[in-house]
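Asker: Now for the letters of each chain:
Number of protein chains: 4
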Amino acid sequence: MSNNNPSFHLTGLIAAPFTPFDSKGRLNLGVIPAMIEHYKATGVSGAFVCGSTGEGVSMSVEERRAVSEAWREATKGTGIKLIIHVGHNSMPDCCALAAHAEKIGADAISVSPPTFFRPQGIEGLVSWCKQAADAAPGTPFYYYHLSNSGNYKMAEYLPLAAKRIATFGGIKFTNENFMDFGLTMAAAKDRYDILFGCDEILLSALVMGAKGAVGSTYNYAGALYNRIITAFNAGDMKTAAVLQTESMRFVRIFFKHGGMSANKAIPGLLGMDCGPARPPMTPLTGKQIAALKADLRQSGFFKLIRP
Amino acid sequence: MSNNNPSFHLTGLIAAPFTPFDSKGRLNLGVIPAMIEHYKATGVSGAFVCGSTGEGVSMSVEERRAVSEAWREATKGTGIKLIIHVGHNSMPDCCALAAHAEKIGADAISVSPPTFFRPQGIEGLVSWCKQAADAAPGTPFYYYHLSNSGNYKMAEYLPLAAKRIATFGGIKFTNENFMDFGLTMAAAKDRYDILFGCDEILLSALVMGAKGAVGSTYNYAGALYNRIITAFNAGDMKTAAVLQTESMRFVRIFFKHGGMSANKAIPGLLGMDCGPARPPMTPLTGKQIAALKADLRQSGFFKLIRP
Amino acid sequence: MSNNNPSFHLTGLIAAPFTPFDSKGRLNLGVIPAMIEHYKATGVSGAFVCGSTGEGVSMSVEERRAVSEAWREATKGTGIKLIIHVGHNSMPDCCALAAHAEKIGADAISVSPPTFFRPQGIEGLVSWCKQAADAAPGTPFYYYHLSNSGNYKMAEYLPLAAKRIATFGGIKFTNENFMDFGLTMAAAKDRYDILFGCDEILLSALVMGAKGAVGSTYNYAGALYNRIITAFNAGDMKTAAVLQTESMRFVRIFFKHGGMSANKAIPGLLGMDCGPARPPMTPLTGKQIAALKADLRQSGFFKLIRP
Amino acid sequence: MSNNNPSFHLTGLIAAPFTPFDSKGRLNLGVIPAMIEHYKATGVSGAFVCGSTGEGVSMSVEERRAVSEAWREATKGTGIKLIIHVGHNSMPDCCALAAHAEKIGADAISVSPPTFFRPQGIEGLVSWCKQAADAAPGTPFYYYHLSNSGNYKMAEYLPLAAKRIATFGGIKFTNENFMDFGLTMAAAKDRYDILFGCDEILLSALVMGAKGAVGSTYNYAGALYNRIITAFNAGDMKTAAVLQTESMRFVRIFFKHGGMSANKAIPGLLGMDCGPARPPMTPLTGKQIAALKADLRQSGFFKLIRP
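Residue numbers (my numbering), protein chains in the order written: chain G, 1 to 307; chain P, 1 to 307; chain Y, 1 to 307; chain V, 1 to 307.
There may be inaccurate statements among the hints.
When chains are identical, the list treats them as one kind, so a pair holds in a single copy or across two.
[Claimed, not checked] Straight-line Cα separation of at most 25 Å, SDA-like style, residue types lysine to any residue; simulated pairs:
| hint | residue 1 | residue 2 |
| --- | --- | --- |
| 1 | Lys211 | Thr230 |
| 2 | Lys40 | Tyr157 |
| 3 | Lys76 | Ala223 |
| 4 | Lys130 | Thr282 |
| 5 | Lys238 | Phe116 |
| 6 | Lys211 | Arg297 |
| 7 | Lys211 | Asn177 |
| 8 | Lys211 | Ile229 |
| 9 | Lys40 | Arg227 |
| 10 | Lys130 | Glu156 |
Calculated directly from the structure, the hints in this document are not laboratory data.
Same shape as in the complex, but just chain G:
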């Protein structure tokens, strides 16, 4: 199904799953069904796997295939949409992953730009994306724009990508440049999905018209974010802002405790142990996890995220 099918859209909260590892860093995929149950209980509509949160680039191609297949299997029949991130520094690997994603029936693929060498300008970036997209000619393609991608403007990227990439579906926009976000939304005109990727400031994107979002904290706090969306839709901006500030507060807590590594420890506190982050990230020790838990509890986090 290509994006020429205008009925395909990604909307609502899409979790970017942590990839579960065991204590030795090996894949430990048994926890996935519990994650999906949590998504269903908290109103999460999709899973964006093997991206930044999923430590995609820290895995081998074989591992990424295995993770993708496990998610495909586990999401079947649930209505949870599956987007597979296939970005890689090496284009041959990127294409192999894209073809595999299509073969197993992913709902969409996504590509972030290479981080050692950089595409040259918007032309170079679209050309890079097109090669990957062409390896999955029947699957909607979403560009993954993130803060360390380079200084590309999405409002310039979108028209060119829409013209050149037959399966272009939209952009995962993980960047605080709201002027570029607004201009990109305007250029997308409801035909392409601009999925906002900064959970802690979602409300500032909702007010500009965002209809979908991808993020790591939707793995466990979807209920909170859906309350923000509900308040926003009801015109209760005060409540929406108060709840968004609560989101900022717990994000600040896990940043204080180690950032991404601490974030990855949170599902384990809710019975969905995703294990340690892989190198080059430094996983939290048991003691550090206990301190994180204590801080989160004191802040009211566990009540806050309750469905």
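Following the hints, position chains P, Y and V against chain G.
Answerer: This is chains P, Y and V only, laid out in the frame that chain G set:
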């Protein structure tokens, strides 16, 4: 009047005036009354003079005093509040400007951090600000946080500044870090004013509770932004977002035509000629101004900003 | 042979080979023997394969193995030392490449840090390196420090790496921080090899005691650089500086013509066609190559590099 | 005397004096004669006042005039050349300082670029410099290129500046880009002075032909650096490198103890008390100075710098 007077607040749209120069780069202050008339006609509540837009750091101390006095004179009895930016790489000059601002009856002063040497951490930054604030002990003090200030977090700055600086009134927050903005708003608790400084994304701050804003485009487009605020307050988010996108569009136009130098040419197209930008900025030629005007007209800009 | 064998050292000029591709971007390894002949004719002592110049991260693991094997085969019996870069964003792939390098008898391996996620501090960096080094326990390990690696100080890295990594052999130092270079040289005390990696400023490293260097322009200009070394060793600093300036001049030429992509076109002008650079780099067109050639010729480049 | 006088040159070690303050941060110029005696004893040929080390931008225009006059007075008849840095964010102040420097008979002036707004490209930079230079039409002009100046290439700047600025004398090159240094030296062709500004890596510039240097550590360690120059001139590269490494070691020590603030405390340990650094720098406490002294002593610093 110190901020211990809890009734002092800065709210609504505050313009950051361009400093008018003649063709030889000398002060040309006769245009100020026309600017103030425009503010009144478009619902602008204050003037933040000698800041970035006002090219404060490109003027001598004597010139900054003259500009400040002209604004003090011209705003008298208008209800337009006057905030004078006194930031300077040299603390003696900064203090002299602060004392002068108090002497002439400024409603508030503001300080941006030095840009050659940098204060060390939040402690160093608050210490820098305190020295300046102490030179105007009867005038509310607002810290000017801007993108090139360094990576200070305002949510950490505010509590320390509020404790140490007797006249602390709030922050001009010209930065896209909305998580820091939200946490700073929460810390300010309506006691301190957090004035948002990125005109083109104002709506994303309004939704987080912003009650005041300082910016260069409020010099001529206050009517548009007040329509955004009105729509927002009425719960009409769709209109608010559409109008905010129009703001992004004309900002994109003047960036294409030269950025700040082009922005400074816009009042002249409305009968309030502010002259060329000073070195190190490169002013637009007459031909370039004509091209800017043509692009703005084609975009519908002149209708858009009509009161 | 581990570095506990104090007789193992890398010295002199070591080329970082371009990986030869055909016009469709597929491996085209037949040109390798000609490259080695050129090395022998110009006094190049080693080959550092699949690094930045070799576009290692733009290839699949399978391709990197094939390239490494071709170089192993072709260097046999030549005295040209073979160093294989095995750095990868994914540690499993990095280890697989390290083990393969050892299996085929590489003289040394090298690892650059991951570029999506970053090791945390010197501890994290050494820990990352140790995992890779341990996968090739009989092969000397060289850390690849380059400008986009992050702000690690090698003078701090070296003592810790030397203590933790049994096979630690030294550092490929591709960075303009000469203070760190000098302090690292002092810490290495002739036991570890600090290979300088910025060809165009080699002389500034020689004077600080550099005994080895790795770089892309040694693929074709080894004769010139050996003349610099000879002049330096003879105490003729004037000649050395003049020749080094000539090196800067031709580097400036290929930067003007496209940087790395243009650099990769140079061997083809000398009968060793390495084909186009891979995405995300943009290869030169035939016309662009002709323009590069004309500029190089006019500058006297082809005479300059003659053995 | 303009640079049209080809006999004017700045060579050898030029100290960038700390500006002496008393404990309250007021000018304390009585120590200047002792500094000059030290220069004479250690072979320092000039003083570059009110630059970075001199905290020029942290002083008012009046203070900068007073400091300049004190240095003019104290250097008279000593053969020590006086270069006055007149760079300022505000061009009117910059010109006033330039005119004053000429009036008091400075041997040369220097200008660093503004740091709030930035000149646009090489054209903008030369245009900025020309305005300042024209305010002192009889005094040689040196551009001050430093790491935080922006990414200008001096090899492009020099030819344009030489053409446009009648008094152009050269560049104070405080940047680690040795390729640009080498190409600039080649463009300067002994007509213009390219004064290297990174003391701790001076040897790497000497080998490329540097004949002059400006730096903060020449205030107290000129004897050491002159030994480096002597060894270099004698062809004894080993000794030169060993001594340069010693320079790196003590620079590392004062960086560990607070950077510039610690550096400014060193003359006081030698009987030339320059007092505390001004805000925004944080001066060392007495206890911190004692710790710095202990570390320096243990490293052999005081013997190392002995004339």
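Asker: Let me make sure I understand: some of the numbered hints might not hold for this structure. Which ones are they, in numerical order?
Answerer: 2, 5, 6
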